[in-house]
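**Q** Chain by chain, the residues run as shown.
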Amino acid sequence: MSTTIAAAPPVPKVETPLQRFVSEFVASRIALFGLVVFLAIVAIAVLAPWIAPQNPYDLAQLDIMDGRMEPGTVGGAGFTYWLGTDDQGRDMLSGIMYGLRISLMVGAGSAIIACLVGASLGMLAAYAGGRTDSLIMRLVDLQLSFPAILAALMILAFLGKGILNVVFALVIVEWAYYARTVRGSALVERRREYIEAAQCLALPTRRIIFRHLLPNCLPPLIVVGTMQVARAIALEATLSFLGLGVPITEPSLGLLISNGYEYMLSGKYWISFYPGIALLVTIVSINLVGDQLRDVLNPRLKK
Amino acid sequence: MTAFLLRRLIQAAAVVLVMSLLVFLGVFAVGDPVEILISPEADQFERERAIKALGLDLPLWRQYLVFLGNALQGDLGRSFVFNEPALKLILERMPATLELAIGATLAALIIGLPLGLYAGLRPNSAMSKGIMATSILGFSLPTFWVGLMLIMVFAVQLGWLPSTGRGETVTILGMRWSFLTRDGIAHLIMPALNLALFKISLVIRLTRAGVRETMLMDYVKFARAKGLSPARVTFVHVFKNILIPVVTVVGLEFGGTIAFSVVTESVFAWPGMGKLIIDSINVLDRPVMVAYLMMIVLLFITINLLVDITYSLLDPRVRLESKS
Numbered sequence: 001m002s003t004t005i006a007a008a009p010p011v012p013k014v015e016t017p018l019q020r021f022v023s024e025f026v027a028s029r030i031a032l033f034g035l036v037v038f039l040a041i042v043a044i045a046v047l048a049p050w051i052a053p054q055n056p057y058d059l060a061q062l063d064i065m066d067g068r069m070e071p072g073t074v075g076g077a078g079f080t081y082w083l084g085t086d087d088q089g090r091d092m093l094s095g096i097m098y099g100l101r102i103s104l105m106v107g108a109g110s111a112i113i114a115c116l117v118g119a120s121l122g123m124l125a126a127y128a129g130g131r132t133d134s135l136i137m138r139l140v141d142l143q144l145s146f147p148a149i150l151a152a153l154m155i156l157a158f159l160g161k162g163i164l165n166v167v168f169a170l171v172i173v174e175w176a177y178y179a180r181t182v183r184g185s186a187l188v189e190r191r192r193e194y195i196e197a198a199q200c201l202a203l204p205t206r207r208i209i210f211r212h213l214l215p216n217c218l219p220p221l222i223v224v225g226t227m228q229v230a231r232a233i234a235l236e237a238t239l240s241f242l243g244l245g246v247p248i249t250e251p252s253l254g255l256l257i258s259n260g261y262e263y264m265l266s267g268k269y270w271i272s273f274y275p276g277i278a279l280l281v282t283i284v285s286i287n288l289v290g291d292q293l294r295d296v297l298n299p300r301l302k303k
Numbered sequence: 001m002t003a004f005l006l007r008r009l010i011q012a013a014a015v016v017l018v019m020s021l022l023v024f025l026g027v028f029a030v031g032d033p034v035e036i037l038i039s040p041e042a043d044q045f046e047r048e049r050a051i052k053a054l055g056l057d058l059p060l061w062r063q064y065l066v067f068l069g070n071a072l073q074g075d076l077g078r079s080f081v082f083n084e085p086a087l088k089l090i091l092e093r094m095p096a097t098l099e100l101a102i103g104a105t106l107a108a109l110i111i112g113l114p115l116g117l118y119a120g121l122r123p124n125s126a127m128s129k130g131i132m133a134t135s136i137l138g139f140s141l142p143t144f145w146v147g148l149m150l151i152m153v154f155a156v157q158l159g160w161l162p163s164t165g166r167g168e169t170v171t172i173l174g175m176r177w178s179f180l181t182r183d184g185i186a187h188l189i190m191p192a193l194n195l196a197l198f199k200i201s202l203v204i205r206l207t208r209a210g211v212r213e214t215m216l217m218d219y220v221k222f223a224r225a226k227g228l229s230p231a232r233v234t235f236v237h238v239f240k241n242i243l244i245p246v247v248t249v250v251g252l253e254f255g256g257t258i259a260f261s262v263v264t265e266s267v268f269a270w271p272g273m274g275k276l277i278i279d280s281i282n283v284l285d286r287p288v289m290v291a292y293l294m295m296i297v298l299l300f301i302t303i304n305l306l307v308d309i310t311y312s313l314l315d316p317r318v319r320l321e322s323k324s
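Protein chains in written order, with the UniProt record's numbering: chain A, 1 to 303; chain B, 1 to 324.
If you are wondering where the hints come from, they were derived from the structure by calculation, not from laboratory data.
Some clues are possibly wrong.
Restraint-style ranges between C-beta atoms, simulated for each label pair [unchecked claim]:
| id | chain 1 | residue 1 | chain 2 | residue 2 | range |
| --- | --- | --- | --- | --- | --- |
| 1 | B | PRO245 | A | PRO53 | 27 to 35 Å |
| 2 | B | MET127 | A | ILE222 | 31 to 39 Å |
| 3 | A | ILE222 | B | ILE244 | 31 to 39 Å |
Computed far set for chain B versus chain A, every beta-carbon distance over 10 Å [to be verified]:
| id | residue |
| --- | --- |
| 4 | ARG7 |
| 5 | ARG78 |
| 6 | GLU92 |
| 7 | MET215 |
| 8 | LEU298 |
| 9 | SER312 |
The beta-carbon is built from N, C-alpha and C at its ideal position, and this holds for glycine as well.
In isolation and in its complexed conformation, chain B is listed as follows (with noise of 0.2 Å):
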């Protein structure tokens, strides 16, 4: 086991290097990084300056070494339009975005769960072939549009909810949570759905399926067979086994969830990493764009690692394969 996490650490680091050289010769190679890096404002003794400052004289490798060992300390550099280090600007509006991810996780599964269920057991109903007709509707709907649509309907005609922002919020560790209060939840809705719509779909399938298959297996039968209710199989034998691959499954797409928040946050005005990502993008803001790339790829390296371990703690065949 020991010998299987090493490898696959090693493997991560070495994922995050080759990663870290492209993102490095992205922004090194194909644009001038003079222009990249130093503002264009600045003046020709201060174009000098900062070129030596930021080392630019010296050839890519050794430029390629510097901005490694700065990225090590936590250094990626500085964001020409808040003047504050790109890192900490990312993780200030980290809590937003995972508000906003859980909130849609969360959604997908109070709604998916119970439509795949009824799904599931009924499949040939009416109400069933709707469910899953509108499960194809969420895969094909373009999120962005949808999202227009919400606010569209729920906040221009309806006026029931805020359009954009992320209303009142409260300080908890030093950080800006809205789920705690009434206002904050009220803006927490149209986003976290809209985000959500993607996995309800998925969420719905998944469970359908599983229950199709389940309902088949022996030890349903048997429960059956053995007199006990309707509503205790369904919940007790079968609910409980397809809970598993719906929920890795659900865990495994918690990264695209956070990525695909940049559509959701830039429709809502949604004050997260994501809308921040779009504003620096907009602006030529490069180093916050490196310092939020470095982030995603460390955030997806660790999703995947962990996907590994659990996996091969569940299935000791992966462990085993490995070592072959």
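This is chain A alone, in the form it adopts within the complex (with noise of 0.2 Å):
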């Protein structure tokens, strides 16, 4: 009697949440392209200071005699200027990569500082609910009825320039939207059965919120705050553009767009239409992965 041992069947992989999660991510290829490019530029930000040829903020390194030149000119100091040089001879390229670190910095650090402050406000609405959620709800329907651009305008007009300064507008303008989804969330996963678990067991309140009913809301949170920090660098740069932003010393994308605008009259299109380009990509990228993170994480779309 011969037994054949019957080939074991093929073990199921087994795939961990975040495997999951990044084969679905990669799956579209535009969002992928989109991750790559947002990390490069990212990379780029960082790298600025030992990457570009010139540092913009030192003015003992910048020649008032090769302002405006065209892109692709050799300037005194003996390097090219692949995309032209601004009215005070500032290379193009290093000033975009270093108007990229600030318009970076702004973005991301309002977006963090919003959603710690939203999250939390969010939070206590719903788990405190009754006054204090409607006090809460009736605060955000109130900043959402608002133009961002409007309220940030008005609180930079009463507190002047400055990177601080824009950081604590955009905080302003985009709180309501994380306490909003915050909140929304919470209070289905209210509902669920692993918190009255959490409670019946009397774990004490800020272990229930914080270990169990905030690790669940994190998903919309995350892509709201991926596409909150690109309406913050588009928001930014609109600011700087109008003058209120950052100060001139340390121009962010926005900014250097804005210095262009008297010379393109005169046809020097390129001191504003590259930093618009970088500050597009940008924001194109981070839109891209945010719309995918969208798809992935939203439990509606799963089969």
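With the hints as a guide, bring the two chains together.
**A** So, in structure tokens, the structure goes:
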């Protein structure tokens, strides 16, 4: 009697949630492309002091004789201005690299602070309920019924220019989105059995909120957060363009574009054009990533 | 219905009151009110007199009541720069902004509706995918930069359209309008399109989603089964039904358009309220800032109120809910 050992059934591959998330995310080529571009932009911004041909903040390195040179001209310092120079002889490529630092810093910084503030208030509203809830949600409604650009404009009008003031203004106009998102998902999660179980175990409220409730509210928060970073960067650029954002000594992309405005009418397009392209690529790449995150993290789209 | 209206009106009034307090505190508490409200060129004697005249020696809550009382009478202070009542300055520039915002809204509908309709009817064609990809750009592109690029291409390179300003205007009912002259229209095209950019994308997406949803409805299938021509089904049965939500959203967006015209007006040097407020902020003309802010608050609250009332008229559930 020959016993043939039946081939063991193939062990189903067990995917951890993270692996599943990664494989679903990379399923979209365009989102992957967006992520790669975004990481490249972050790398350029971080490494700017080492890879930029020139330090645009160091006035000693600038040669006013090189002002408003066309892209591709070789300047007095001996290197080529691939993207031209602005009115003060600043290399646009270096200016953009350093400008990206400011733009990303302001965008990400304000998004993180707004997320902390908004998520805490949203969680408080959902958990406390009653008067606290309606007070916080009234504030959210008031904030959302008012266009972000105007609210930020007025805050900066009263506070004046400055990176910290811009971050503050962006936090004020953005927290409401996070608060609404967290409150919405926390209200749903609160009624689930695992929260009830945790409450039956008499776990402290703080532990229930931070270890049980919050992790389950994270996916929508991440999606909103990604989109808000893009929005914050665009808003900061707009405010800086209007002359209300970052100070002239530390130009963000918006301020670089604004500097080129007056020269554009005489056909010197590159001072405004290239920083705008950098801004556009940054925002689009973040939005592509955010779009895919929304699809992957949305449980309603799961089979 | 009367009770509902009354409740809504009281709520709106409360919000106006809260915002006026915020504006008041913004101007009076953040900076030194003397520095803010009295022209820096004033000498010592003039300052003392102005402090008395403006009531700055009173306690803060009394000052707020005075500010409120003046505001109710339409007195929001005088501009330092123009030496004219701030409210009058803003009202003078309002037609230009309204013209721009209405132009942008119309442009969004005229461009967005057909494109959205096409993308909804043929969701898988290459053209539709192109339309949708472009609409993502519309959400992502920084508006002010697109404005600059429009100027660069159409005004500087091609020379087809004037780059800035409002052009020739005609006075009707005491207000200056530029949409009635050829020159004015030429000046209006680029700013209106620029301001419409975001809304075009919005209209495309709303229309497309609406069309795709409506095409699956029983009444559309029935209309097809009846043997009606595709054109009739599309334009009468589908299009008319999606028009309502699209127009509602675009109407709701109108306030946002007026707010965002601040940016477009700065790019195209369009002499409206938005340009005025930016100029005022840059020269610290605070009375104009306060007046503009109060006007905008009033505008937004009116729009929200109208929307609420319209909803309650259309949907009785809203009214009944507020009763219980």
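**Q** Hint by hint, note whether the structure agrees.
**A** Hints, verified against the model:
At roughly 52 Å, the beta-carbon separation of PRO245 (chain B) and PRO53 (chain A) lies outside the given 27 to 35 Å, and the hint is violated. Separated by about 34 Å at the C-beta atoms, MET127 (chain B) and ILE222 (chain A) satisfy the suggested range of 31 to 39 Å. For ILE222 (chain A) and ILE244 (chain B), the Cβ-Cβ distance of about 35 Å falls inside the hinted range of 31 to 39 Å, so the restraint holds. No beta-carbon of chain A comes within 10 Å of the beta-carbon of ARG7 (chain B); the shortest separation is about 14 Å.
Distance check for ARG78 (chain B) against chain A: the nearest CB is about 18 Å away, which clears 10 Å, and the non-interface claim stands. With a cut of 10 Å on Cβ distances, GLU92 (chain B) stays outside the contact zone with chain A, its closest approach being about 20 Å. For MET215 (chain B), the non-interface assignment is confirmed: its Cβ lies about 21 Å from the closest Cβ of chain A, beyond the 10 Å cut-off. Against chain A, the non-interface label of LEU298 (chain B) holds: every CB pair exceeds 10 Å, the least being about 12 Å.
For SER312 (chain B), the condition that its CB be more than 10 Å from all CB atoms of chain A holds, with the nearest at approximately 17 Å.
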